[in-house]
Each structure stands twice: as C-alpha cells, then as structure tokens.
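Chains as they are written, first to last, in the numbering used here: chain A, 27 to 233; chain B, 27 to 233.
By construction, these hints were calculated from the structure, which means they are not laboratory data.
A hint or two may mislead.
Given that identical chains are not distinguished, each listed pair holds provided it fits within a single copy or across any two copies.
Here are the simulated lysine-lysine pairs, BS3-like style, with alpha carbons at most 27 angstroms apart [what the hints assert, rightly or not]:
#	residue 1	residue 2
1	LYS222	LYS136
2	LYS136	LYS202
3	LYS222	LYS48
2 protein chains.
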Amino acid sequence: MSTVTVIGAGNFGSVVAGVAAKGGAGVQVLARDAEKARAVAGPLGGTAGAIGDEVTGDVVVLAVPYGAVADVLSAYPGAFDGKVLVDVTNPVDFSTFDDLVVPADSSAAKVVQDAAPGARVVKAFNTNFGGTLASGEIGSVPTTVLVAGDDAAAKQAVVELVTAAGLRGVDAGSLKRARELEAVGLLQMTLAGAEKISWGGGLALIS
Amino acid sequence: MSTVTVIGAGNFGSVVAGVAAKGGAGVQVLARDAEKARAVAGPLGGTAGAIGDEVTGDVVVLAVPYGAVADVLSAYPGAFDGKVLVDVTNPVDFSTFDDLVVPADSSAAKVVQDAAPGARVVKAFNTNFGGTLASGEIGSVPTTVLVAGDDAAAKQAVVELVTAAGLRGVDAGSLKRARELEAVGLLQMTLAGAEKISWGGGLALIS
Numbered sequence: 027m028s029t030v031t032v033i034g035a036g037n038f039g040s041v042v043a044g045v046a047a048k049g050g051a052g053v054q055v056l057a058r059d060a061e062k063a064r065a066v067a068g069p070l071g072g073t074a075g076a077i078g079d080e081v082t083g084d085v086v087v088l089a090v091p092y093g094a095v096a097d098v099l100s101a102y103p104g105a106f107d108g109k110v111l112v113d114v115t116n117p118v119d120f121s122t123f124d125d126l127v128v129p130a131d132s133s134a135a136k137v138v139q140d141a142a143p144g145a146r147v148v149k150a151f152n153t154n155f156g157g158t159l160a161s162g163e164i165g166s167v168p169t170t171v172l173v174a175g176d177d178a179a180a181k182q183a184v185v186e187l188v189t190a191a192g193l194r195g196v197d198a199g200s201l202k203r204a205r206e207l208e209a210v211g212l213l214q215m216t217l218a219g220a221e222k223i224s225w226g227g228g229l230a231l232i233s
Numbered sequence: 027m028s029t030v031t032v033i034g035a036g037n038f039g040s041v042v043a044g045v046a047a048k049g050g051a052g053v054q055v056l057a058r059d060a061e062k063a064r065a066v067a068g069p070l071g072g073t074a075g076a077i078g079d080e081v082t083g084d085v086v087v088l089a090v091p092y093g094a095v096a097d098v099l100s101a102y103p104g105a106f107d108g109k110v111l112v113d114v115t116n117p118v119d120f121s122t123f124d125d126l127v128v129p130a131d132s133s134a135a136k137v138v139q140d141a142a143p144g145a146r147v148v149k150a151f152n153t154n155f156g157g158t159l160a161s162g163e164i165g166s167v168p169t170t171v172l173v174a175g176d177d178a179a180a181k182q183a184v185v186e187l188v189t190a191a192g193l194r195g196v197d198a199g200s201l202k203r204a205r206e207l208e209a210v211g212l213l214q215m216t217l218a219g220a221e222k223i224s225w226g227g228g229l230a231l232i233s
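The shape of chain A in the complex, shown without the other chains (with noise of 0.2 angstroms):
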C-alpha cells in the first residue's frame, strides 16, 4: 500500500488521515504547523513536517480551506506532476454562505488542475462532513466517497484508498462533476447551518 501525504492537519485533514491509515497506507502530515502535524501524524503511525518539507506520498490531499490552496500549490511548483492529486475543498464564500467562490461554470477541482497542470487531480471527500466519514455512517446508512476525475487510474487509487478503510468509494464521472459535488457541499452545509440537518447527517447515497 503506498503513502498518502495529507496537507493541512485541521478536523477535516486529520479524518482523512485517519481513513488513510485505517486503509492501512503509510500516512505523512504536513502543516504550515509542524507540530500540529506532528500531532495528527504520530497516532497514526506516520511521519510529520511542514508546508513546503518534501512529499513522499504517491497520493497527495489537499486537507486546507479553500482560501489556502492556492499557497499551499505554489509552495510546491511540479512537485505534483504524476501524483493524484485530491481536493476536498468546498469553495463557500463564508461571508455569506451563500454563493460559491469559484466561477459558476467551474469548480475548485479545476482551478486546482489549472494551477497543477502536471498533476492527477481527483475530487473526492467534500461531500462528506468530518463526523460522517470518521464514523463511516450517515445515520444507518454507509457512509459514500464520491469521486471525480478525468483519470481513471487515479479515481481508482482514491476508491481504493476508502474502500480498504471500510467505506464506499463511488465513480462519480469526469472532473467536470466537481462542480455538482461542490454543489452537493455547499447545500449540505446550508441545509445543516439552518439545523435541517445535524452534522452528523447528509446526502447519503443508496445504490
């Protein structure tokens, strides 16, 4: 099983290494705070630095808020290149929680890809709140990862990678569904910031 690199070491980045490492991959965490990486990495096993340390996973996630990937990608110019590359970001203008962003006819999986042009990039996990996905159930039902991207190989490494963490990993077509999952984010999060749905709840796709 190969190494997953987790940037960004909050409650969301810190879920997504405890999938990794349930999944059984080697996990490393970096943070623009390293000993808050240290942190999350050392439970699990795995190795720690900071934003701009050297990747050593074959399977980068981009666990920061929006605003902040676009630093977190120039800290690492072509160092992407080859690598699956995972956004999980919801791009929610938090001032108003109430729009998007990103340009309507994009997404923030594409102005990843546009800025690592060189990289695998698969969007996945932004329609799963933290709890749902740590528990691996949405009420009574399993929780699903929803993927997108225009590489296949690298759609399967992600379904894979949640799969053998015990969830469901689901093809959810080309990168240019990420802006329907992006959609999907940002109704889950209104639905659940005006208390019609817990944190713990959501879309919970059945087959």
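Chain B: place on chain A using the hints.
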C-alpha cells in the same frame, strides 16, 4: 385542502398527481393531450383538460420537460399571479447528459420566476426520482422532498402537501438554492445513467 393542478401527464406528472391525491388534495391534470390527462386524473378522482384550459388549483406544478416550460407559461399569461408555481424540472442537456442548459449562475427555477414574475415560484421534487417519490422510500430511508423558494408560505404549502402524503418535506432555503438542487438532479441522473445507482436509489437526506 386546496386543489393542485399538475400540468403534464407523463410519468413524473402522474406520480406528483398521485402524491397530491394521497395527501387529500383535489387534483386537476392538464396536458397537451387531454385524453392522456384524463387517464391520469380519472383514477385519482380528479378533473382533466388540455393545456390552455382554466387552471383551478392554488398550487400549480409544472411537470413537463424543461424544454416545454416556456410554451406552457406563454399559454397562461398572468394566470399564475399569486399562485404557488412549482418547478420540478431538471434542465439537463440530453444530447450530452453532461451539462445543464440554463446559465451556470442561474437555474430553471430562476428562469421560470423571471417568466412569471407574479407567481410564487418554488423548486421541488427535482431531486426525487419518480419511483422513490411514489414508494416514499429510498432503500430503507424515507423519501425527502427538498423545497426551495423565496416565499415562505408558498414553500410551506408544498411541505404540507408532501407531508400529508407521508413524505418528508424540508425547506432547503431561498430560490437561489435551486441551482444546487438542479446540480443534485444532474448528478443523480449521471450516476443512474452510469449504473452506479439504480433509479430506485439516489441521494437520501438523513437528518
């Protein structure tokens, strides 16, 4: 209980008319082919007619394909003023199954509202497949109808209509959220088209 007018006697219109009748509403069905409308309305104890006939319902459901909506609206200039006008459409480009035909920063519901400015437009039912709307279940999860609109009382009328029929109705926010609801509609259709889910599955809201 008021009367619900369903315009369109196809599969989805037939299911929505069934939901209204199940909830105890009077049902009027109008279709291009009045005979077809009668075939839907008759078993529900409702009335029927052709598009262009007088609309008797306080709630009017546009249950025609998105491409036919403009024609229906032009047959009823001003007639929907003050009424609850429910847009159920998924404005999918069926030639590619990869895009919506409405502008990326808009929605079918917004287009309907612009074309019928006096109507109280509500987006609803578009995230439900006909089968799960008729059965009331997605797998083991009760079917939720997501309802978006700018008129609180209009949304409430639709929530009560579906609740009376044994479904769950959830206020999904302003009419602007129709953009996200239509993204959910496209996503579900592409997932079903790719056989990742069945037409009896979909995204089930878990609170």
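Tested hints:
{"no.": "1", "hint": "LYS222 - LYS136", "in the structure": "between (30 angstroms within a copy, 23 angstroms between copies)"}
{"no.": "2", "hint": "LYS136 - LYS202", "in the structure": "both (8 angstroms within a copy, 23 angstroms between copies)"}
{"no.": "3", "hint": "LYS222 - LYS48", "in the structure": "between (31 angstroms within a copy, 25 angstroms between copies)"}
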